[in-house]
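> Chain residues, written in single-letter form:
There are 2 protein chains.
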Amino acid sequence: VKRLKEAQIAVVGLGLMGGSLAGALRGRCRSVIGVARRAETVKIARARGLIDRGAIDLERGVYQADLVVLATPVRVILHQLTEIGTFLSTGCLLMDLGSTKTQIVAQMEQLPDHIQPLGGHPMCGKNVSGIAAADPALYQSCAFVLTPLARTSEAAMGLARAMVEAIGAHPLLLNSRRHDRLAATTSHLPYLLACALVGAMRKETAADSAARVVAASGFHDTSRLAASDVTMMLDILSTNREAVLKAMAICEAQLHNLAHLVQSGDEERLRATLTDIQKYRRELY
Amino acid sequence: VKRLKEAQIAVVGLGLMGGSLAGALRGRCRSVIGVARRAETVKIARARGLIDRGAIDLERGVYQADLVVLATPVRVILHQLTEIGTFLSTGCLLMDLGSTKTQIVAQMEQLPDHIQPLGGHPMCGKNVSGIAAADPALYQSCAFVLTPLARTSEAAMGLARAMVEAIGAHPLLLNSRRHDRLAATTSHLPYLLACALVGAMRKETAADSAARVVAASGFHDTSRLAASDVTMMLDILSTNREAVLKAMAICEAQLHNLAHLVQSGDEERLRATLTDIQKYRRELY
Chain A
7 VKRLKEAQIA
17 VVGLGLMGGS
27 LAGALRGRCR
37 SVIGVARRAE
47 TVKIARARGL
57 IDRGAIDLER
67 GVYQADLVVL
77 ATPVRVILHQ
87 LTEIGTFLST
97 GCLLMDLGST
107 KTQIVAQMEQ
117 LPDHIQPLGG
127 HPMCGKNVSG
137 IAAADPALYQ
147 SCAFVLTPLA
157 RTSEAAMGLA
167 RAMVEAIGAH
177 PLLLNSRRHD
187 RLAATTSHLP
197 YLLACALVGA
207 MRKETAADSA
217 ARVVAASGFH
227 DTSRLAASDV
237 TMMLDILSTN
247 REAVLKAMAI
257 CEAQLHNLAH
267 LVQSGDEERL
277 RATLTDIQKY
287 RRELY
Chain P
7 VKRLKEAQIA
17 VVGLGLMGGS
27 LAGALRGRCR
37 SVIGVARRAE
47 TVKIARARGL
57 IDRGAIDLER
67 GVYQADLVVL
77 ATPVRVILHQ
87 LTEIGTFLST
97 GCLLMDLGST
107 KTQIVAQMEQ
117 LPDHIQPLGG
127 HPMCGKNVSG
137 IAAADPALYQ
147 SCAFVLTPLA
157 RTSEAAMGLA
167 RAMVEAIGAH
177 PLLLNSRRHD
187 RLAATTSHLP
197 YLLACALVGA
207 MRKETAADSA
217 ARVVAASGFH
227 DTSRLAASDV
237 TMMLDILSTN
247 REAVLKAMAI
257 CEAQLHNLAH
267 LVQSGDEERL
277 RATLTDIQKY
287 RRELY
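If you read the sequences in order, they're chains A and P.
Just add 6 to the spot in the first sequence (first one is 1) and you have my numbering.
Just add 6 to the spot in the second sequence (first one is 1) and you have my numbering.
Chain A with its partners taken away, still in its complex shape (with noise of 0.2 Å):
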């Protein structure tokens, strides 16, 4: 495992995560080399000045790689770690920006013992996907989660540390499960939350032109999430499947609890839950 200074770093998709983490380690390590499905994107990739090379096949890409980053939808990432292995030079990081890890975490015990795996999740994004959407601050001030294997080195450990530093952003450690579950509740129950409210409101008023009118802002913010990238999502659902329906079943609880409040008109209760729920999101902020 070489320094951060004198790595040669692979990144793997060049989305908005993987553009934008090409950016921000570009000149922070030896050269970084973007990886792209199309010749198109590696171009764009290298008009803006995000990587120093391009490549669309993946055994060139990662060719002799210190450190390498699958920053493509989590599915691709676990197909991308059945076939990735044998095209890996000793002591290469593997890293991946998935959004999930449990999966990914599992499916990185069963790589060559030769490579270092390590899930990652950095906790930031963008309402716009793709390489024209790639901004190398993007990571600045977020946190970013890892996974470590028990077979991770600490040595690997430090070069991870040393990449998410050079970003900007923040290292958490938490086990996959651990941030499976929490990821359940705090990003892929919202993201269902405002599907169902995008859902109820066509159902309700698309017939009534003045709905879009009355839509304000409080409307805009809780349903933002509905316009997600719907390929990600699907990646994200089926493979954090049993913490999702979980997370919608105590929010659905929640959201009966509050439905009956509301009916039965005991208005000293429903303040006392609704103030103990303000408060609680007031601290978070």
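Just so you know, the hints here were simulated from the structure itself, not pulled from any lab data.
Each statement offered as a hint is correct.
Which copy? The list can't say, so a pair holds if one copy fits it or any two copies do.
In silico DSBU-like cross-links for lysine-lysine, where the CA-CA straight-line distance does not exceed 30 Å:
no. : residue 1 : residue 2
1   : K252      : K285
2   : K49       : K11
3   : K132      : K49
4   : K285      : K209
Using the hints, position chain P against chain A.
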């Protein structure tokens, strides 16, 4: 009914909405009188230049006003409507900014004949409340719902439109039931979803200190409304109960369907459903 330029306007309630309205109207009419319960609030409004004069007594504040705007919480408005009738001059236009309209408009029907009543609800706001947050630019470019009564004269409507346009907003005529049904889905439901989300997070992750770090911008935005003022929201929920419960039931069915699709693993249907919702949300904004 006078023209706006010659009108003496009383704004009752100097919180975020009333204070901002007073500030936006000052200089565009003969004078703006601010009415608040506490002398301290009136003092701040005067010091900030939001009003010409102040009063802490409702009768004195609205004396000889050509236009009175009630900018208090919904149930305070309902109460004020029972006592304000005798204080107002003949032809006075009496409006309100309440977030629900059906009960307010029904109460306005009971006003003495010499008053011109008109329901109103500007579709704007802020996360913060109180006179300190008042901002004369708050109403710029927002939709301002007007819910006229059968008895509201054309001349009164003309003055109301002039006021709405003077503060930079666009008038939108709706009947009170239609407004309340739309608001239930686009505003009151999002509030309750945000509360259910925060309640679920507290229940599922309260013991885990990493939850706050993992919660990223998606959770922040989806949960934002849970920090709303509880007294204001209780007034809204209790005066729009039927429409709110209907919107909640529709949303619960949407959520239930999403949970079913996630659980079943029927990815084709889940993708189709999420893609429809995504398209609808992207067309909205």
